[in-house]
Amino acid sequence: MTETMFSRVAVTDAAAALLRDLTGQHGPLMFHQSGGCCDGSAPMCFPVGMFLTGPSDVHLASLEVGLDDPMEVYISEAQFEYWKYTHLTIDVVPGRGAGFSVEAPTGNRFIVRSRMLDEDELVALGLGEA
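So for the sequence shown, the numbering used here puts the first residue at 861; every next one is plus one.
Take the hints with a grain of salt, since some may be wrong.
Stated by the list, open to error - Pairs of lysine to any residue, SDA-like flavour, derived with a Cα cap of 20 Å:
1) Lys944 x Glu932
2) Lys944 x Gly914
3) Lys944 x Ile971
4) Lys944 x Ser894
5) Lys944 x Val869
Note that these hints are calculated values from the structure, not bench results.
Using the sequences and the hints, build the whole thing.
So, in structure tokens, the structure goes:
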């Protein structure tokens, strides 16, 4: 029997390609999804160690983007409460990146696309009934 793996986060091919380029420039990277403030609700991409997560952050996923190590994705606990029934996809579009995020000078910006989790995903993530 094959076990199906579910994730709360995915990444588009275009975003993964940019992440590989940025990793070559900045070293290992991570994402943090905040609930707003300075740069709204844009996913922020930082070199590992530049943004320190704490007890009020939730680990959402380890993304495979074609590097040796997966890229970790975190979200603030308050924002997670709003989005816990949502699947997020990190994508990239032309535009000015968030001021503190590493893609800012590239002419691109990371965005999050979302959809509601389906029934199988809800069950697998402990949010629905089997």
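Status of the hints after comparison with the structure:
1. For the given pair, lysine 944 sits about 17 Å from glutamate 932 by alpha-carbon distance, which is consistent with the 20 Å threshold.
2. Of the supplied pair hints, the one linking lysine 944 and glycine 914 holds, its CA atoms being roughly 19 Å apart against a limit of 20 Å.
3. About 18 Å separates the Cα atoms of lysine 944 and isoleucine 971, which keeps this hinted pair within 20 Å; it holds.
4. Distance check on the hinted pair: lysine 944 and serine 894 sit about 14 Å apart at the alpha-carbon level, within 20 Å; holds.
5. For the suggested pair lysine 944 and valine 869, the alpha carbons sit about 11 Å apart, so the restraint of at most 20 Å is met.
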